[in-house]
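> Spelled out from the first residue to the last, the chains are:
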Amino acid sequence: MNSFVLEGGATVWRADRLERPATPVWPTGWPALDAELPGGGWPAEGLTELLCECPGALEARLLMPGLAGCGTPVALVGPPQPPHPPGWWSGGLAPARLVWVQADAVRERLWAAEQLVRGRAAAVLLWLDAAPPGALRRLQVLAAGAGRPVFLCRPWSAAGASSPAPLRLRLASGSGWSLQVDVLKRRGPPLLRSLTLPSVPGGLAAVLSPRQQRLGQALPDGLLHPVEAMPLPLPMALPEQPAANEVHHALGRLAPAA
Amino acid sequence: MLWAAWLPPPDARPQPWPQALTHWALSFTPRVTCQGDAVLMEVQASLRLFGGWPALRARVEVQGRELGLAPPAWAPQALAALALARAGLPGTPDAGPADIDPLPLTVLDAAVPHAALLAQTGCHTLGDLRRRPRGALARRFGAALLEALDQAHGLRPSVHAWVTVPDRFEARLELPWRVEQAEALVDGARRLLLPLQGWLTARQAGVRACRLRWLHDGLRPRDAGPGGELLWRTATPTRDIDHLQRLLSEHLAQVTLQAPVGELVLEAVEVQPLQPQAADWWADPARAEAEALQPVLERLAARLGPQRVLRPVLCQDHRPEAMVRWCPTTEVTEVPEAVELAQATAPAAQRSRPRRLAPAVGSQPAVGPQPGFLRPQPLRLAVRGHRPHYQGELQLLVGPQRVEGGWWDGEARAAAADPPPLSRDYWVAHSPRAGLLWVFCTRPVAQQQEPAWYLHGHFA
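One line per chain: the protein sequences are A and B, in this order. To get our numbering, take the position in the first sequence, counting from 1, and add 64. To get our numbering, take the position in the second sequence, counting from 1, and add 17.
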């Protein structure tokens, strides 16, 4: 019995602790998130499911630091809107590493993702609304040997459905400039609190005034204070009259600095 | 020295014998020769490349089976290998007198004319022949017999005329049965691709475009033409026939045959010099990764269509919709440059000084905030009380960033029936439900007009 415990110690995973996967993981770029994920990063051998209220809004913000750090190409399969590489570049992901696969039908998306996963040459971001569970299981089995992270982006409504993905996260925009991440499923004890990751979307950090950045954090409701928001140009106020406020200066400041 | 020898199989496939076989054998070694109707290759120098004799033999036998060949006979001398092949024995790399001696006289070309006479003297095997007095043998049967015997035992050197490759590759195959489904042509094409691989190896080249022609059976309906053809391409020159075959099967899946097919012709259309990647420790992993991705993308493009598997090419333009041109991956072939790779591994450093790195790659990150996703067409927003609405009232955060211009491609825009030059003020706006948006308002033409608001991008 003793020998069994000793031998099995490395490979037996106790469900009340975080799993320590033998396979490599890819750092997410968020230390707070790394601490709560098995192995401390995105699993390179398995499917990761990201649930988002409206597709395309938050996934890229969450994934960007991790993807920017690794040198691998990134394939976007069926994104909800055409991607705009300059925006991704400001997050650190060079355009030469992006590939956009336009696949509309669910079957085409799954097939394209499967081919990319089999090719073991790119991190895959796959957007799906509804997927047959068999197809997801198939993708998970393939991803288990991929050596590259595979992200499956689905709407919130998929949270209730069962999924073969070993890691499932639900994303929401938190108060101010932050991401709120709920870990729905992981190989470890359930995480009851949600994680708050401070993040300003790509390229905005440079142009937001310090006050706007601070205010965003202070307000609990996720909205910026109305006073801080820009006054709208009146119909008569043609652009010859510059909108008098500090944000304008912030943008003006950027041009010589960049 | 290590030789492998094949005899023509009884049904004389692969056709045309021995050209298809010699081409295929060239993928293992440049030293291939024909002796009579047999094909021999010398592989001593290739053993290390293929991981030793057992690995090489397994490879040769597996691929040979696809061509319809029996396993070859192996021996350290050409004539010994040929003799073993004729006797139907597999041989070994160190086959010696013990292996050759029991063979009958008819396996040696030089002994065949004298076999009957020798048999009458009680000499039936090569071993018997070897034990006869050499002087008497030479006097009675000529020096050629002794020379062939010595060459088979490796006592004398032998001279060979090595096969040379033609400038063009065109291989023809008569299918063993009539094929009615286009997908089933892949099996036949595989038999033509194997010789192509050897031909490319011998020429140190890779292929960028191949053409497969199929000829309909003679008993075809009157309205079916004589045949059809399919041209398929790869973005980079390749020698990987597995990849070529996968691409071909994707293309053939979209083909309907007019009539049963009896014959296939494969032709290499575009051939370019190719320096294969060295399989050593010092290979650049990022480059290898980019090269590994390309075949996958080509497979995707073959099924989905080249216009749907895209890579971005940045353009020097400040208008958001013109900043990026999406090109089919089959056309954009360059591997990311070292500068971009360096910046990929050190994103923080790159962000702090984009301008200094940028000219080297011919592009630069745009100034100001840029959204992660851009709508193909700007969406006109509802305006209530002078405020734009999109899933709730928008709050403008940052702006305005004025974007004007576009008159320089006026003709193209006029053809597309778009309003010509832009005049837009971009704002970053926050919508309570849709997150951060990139909206713009057009400058009103008349004084009393309301500015029109459009939604153009979503910040990720």
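Some hints could be false.
What the hints assert, rightly or not - One-sided and incomplete, this derived list gives chain A residues near chain B with beta-carbon spacing under 8 Å:
#1 Trp77
#2 Asp80
#3 Cys118
#4 Gly120
#5 Ala124
#6 His148
#7 Pro159
#8 Leu162
#9 Val170
#10 Ser226
#11 Leu268
#12 Val271
Unchecked claim - Sample of chain A residues with no beta-carbon within 10 Å of chain B, all distances over it, derived:
#13 Ala79
#14 Arg201
#15 Val205
#16 Pro262
What the hints contain is simulated information worked out from the structure, not anything from laboratory work. We put the beta carbon where it would ideally sit given N, CA and C, even for glycine.
> Would you mind marking each hint as holding or not holding in the structure?
The hints, checked one at a time:
| no. | hint | verdict |
| --- | --- | --- |
| 1 | Trp77 | violated, 31 Å |
| 2 | Asp80 | violated, 36 Å |
| 3 | Cys118 | holds, 6 Å |
| 4 | Gly120 | holds, 5 Å |
| 5 | Ala124 | holds, 3 Å |
| 6 | His148 | holds, 4 Å |
| 7 | Pro159 | holds, 4 Å |
| 8 | Leu162 | holds, 6 Å |
| 9 | Val170 | violated, 14 Å |
| 10 | Ser226 | violated, 28 Å |
| 11 | Leu268 | holds, 5 Å |
| 12 | Val271 | holds, 5 Å |
| 13 | Ala79 | holds, 34 Å |
| 14 | Arg201 | holds, 22 Å |
| 15 | Val205 | holds, 18 Å |
| 16 | Pro262 | holds, 15 Å |
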